[in-house]
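Novice: Chain residues, written in single-letter form:
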Amino acid sequence: MRGFGDLESVIMHMVWDHACPVTVRELFDELRHERPIAYTTVMSTMDNLHRKGWLAREKDGKAYRYTATASREEYSARLMREALDGGGDTEAVLSHFVAQMGGAESEVLRTVVSRLTRGRPR
Amino acid sequence: MSAALVFGYTLAVAWLVPVLLSRLTRHGVSARLGLGAWLTAMASVLASAAAAVALLAGAAIAGLPRLAEAVCRSVAGRACTPVVYRSAVFEVPLGVAAIAAMLTAAVLAWRYGRAMQRAGRRTRAHAEAARITGRRLPVDGSAGRTVTGEWGGGATVVLDAPQPAAYCVPGRPAAIVLTSGALAVLDRDQLGAVLAHERAHLAGRHHLLISLSRGLAASFPGVPVFTRGPAEVARLAELCADDAAARRTGRPALVAALLAMGTGAAVPAPALAVTSGAVSARVHRLIDPPRRGRHARYGLALAAVMLLLTSVSGLVIAFAGPLAAGLG
Chain A
1 MRGFGDLESV
11 IMHMVWDHAC
21 PVTVRELFDE
31 LRHERPIAYT
41 TVMSTMDNLH
51 RKGWLAREKD
61 GKAYRYTATA
71 SREEYSARLM
81 REALDGGGDT
91 EAVLSHFVAQ
101 MGGAESEVLR
111 TVVSRLTRGR
121 PR
Chain B
1 MSAALVFGYT
11 LAVAWLVPVL
21 LSRLTRHGVS
31 ARLGLGAWLT
41 AMASVLASAA
51 AAVALLAGAA
61 IAGLPRLAEA
71 VCRSVAGRAC
81 TPVVYRSAVF
91 EVPLGVAAIA
101 AMLTAAVLAW
111 RYGRAMQRAG
121 RRTRAHAEAA
131 RITGRRLPVD
141 GSAGRTVTGE
151 WGGGATVVLD
161 APQPAAYCVP
171 GRPAAIVLTS
181 GALAVLDRDQ
191 LGAVLAHERA
201 HLAGRHHLLI
211 SLSRGLAASF
221 PGVPVFTRGP
231 AEVARLAELC
241 ADDAAARRTG
251 RPALVAALLA
261 MGTGAAVPAP
271 ALAVTSGAVS
281 ARVHRLIDPP
291 RRGRHARYGL
301 ALAAVMLLLT
311 SVSGLVIAFA
321 GPLAAGLG
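Quick mapping for you: the protein sequence lines, in order, are chains A and B. The first sequence begins at 1 in the numbering used here and counts up by one. The second sequence begins at 1 in the numbering used here and counts up by one.
Some hints here could point you the wrong way.
[To be verified] Stretch-level coverage of chain B by chain A, calculated; a stretch enters the list once three of its residues show a Cβ under 8 Å from a Cβ in chain A:
| id | region |
| --- | --- |
| 1 | 89-102 |
| 2 | 161-175 |
| 3 | 186-198 |
| 4 | 289-299 |
These are computed hints drawn from the structure, not numbers from a lab. Beta carbons: idealized from backbone N, C-alpha and C, even for Gly.
Full structure from sequences and hints, please.
Specialist: Structure, rendered in structure tokens:
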């Protein structure tokens, strides 16, 4: 795996998969089995995620315990909302594969396709 | 006289060429040339309008000294020397007008820049959130054709969401976002078609073309070439991406993908339920592609329009520049 952004994603998914708040040490121990990585890298990445608002933390003895500020589902839903009916600014920069169709158009489409693919073998 | 000619040419291009281009690009034959022709039309209207304004200003300035001198003599009598009338009646208003024009242009440019910046920030935030929240689409090289989530510009991520959706977010790095709902309704070839379509958008910088034409439409309301531009550019960009995808994975896979993604929406979306017919048009075009001869004819016509626009606008600028400067 490569890139800094990628590690952020991996760590967030690990935090989401944990039921209870986690420490840097716990995640580091898990990550170490998958890839060569330094403790400080994990720590600074989690610090970044905290700064950007993805992780909340509270002091537990000498270490911080981290939790996600919102669930994976909430983030996904938020992104989909922004992508599908965001309008305004974001509309200008997201190119969708298809616009969502109503029932009438999809019905017409199905008929057209079945007729044409039957009529002309390729 | 020459200013009026250039002005007439500008108006003709701004009002008549959209009608012609709508006709030539309606069926999406040679979408790429069509897109180029629309962009050329917009650029040439901008350029020749600038030339017309420069000529007009040049003509106005050329006539001003005599007028100014006459006014000055009638007011000041013998005390009117060239220095006096020039600065009082000629240079001061001109300076004020120039400053006002520059301020207006600066404000417009600043506003446009701010809007673009805001959109860019939101896009980057969206891309980052998608990269963190989504899972990487695994590289799948089994069974012949390779479908890969990685490409030169960025990553493909999958979001957990029931509705089938696929879109691309420009930026560095760019991201292609798929939903798990989309993966559920697409087979490998269809997924390849969707990814090829989105990559074509990113590679062609279609988002830039669309937001640029939107900016022009907002700046020049009521001018057909600009008001109709954004929708046409968006539509033709879509067709260009379709063509790129069809070249890569074949038409059947792309048509199947369009159908699956377009009709597989199990989640009711009342706000978007109005049918535009855009998807049917795309499917029709792929199922029933234009004959070779028709393709050549439309391509030739579009190329001729582009050539004519660029050469005439080029000539106009080449002549207007020195003319305006010389008279001024």
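Novice: For every hint, state whether the structure bears it out.
Specialist: Hints, verified against the model:
no., hint, in the structure
1, 89-102, "violated (count 0)"
2, 161-175, "holds (count 9)"
3, 186-198, "holds (count 3)"
4, 289-299, "violated (count 0)"
When held up to the earlier numbered hints, the structure conflicts with 1, 4 and fits the remainder.
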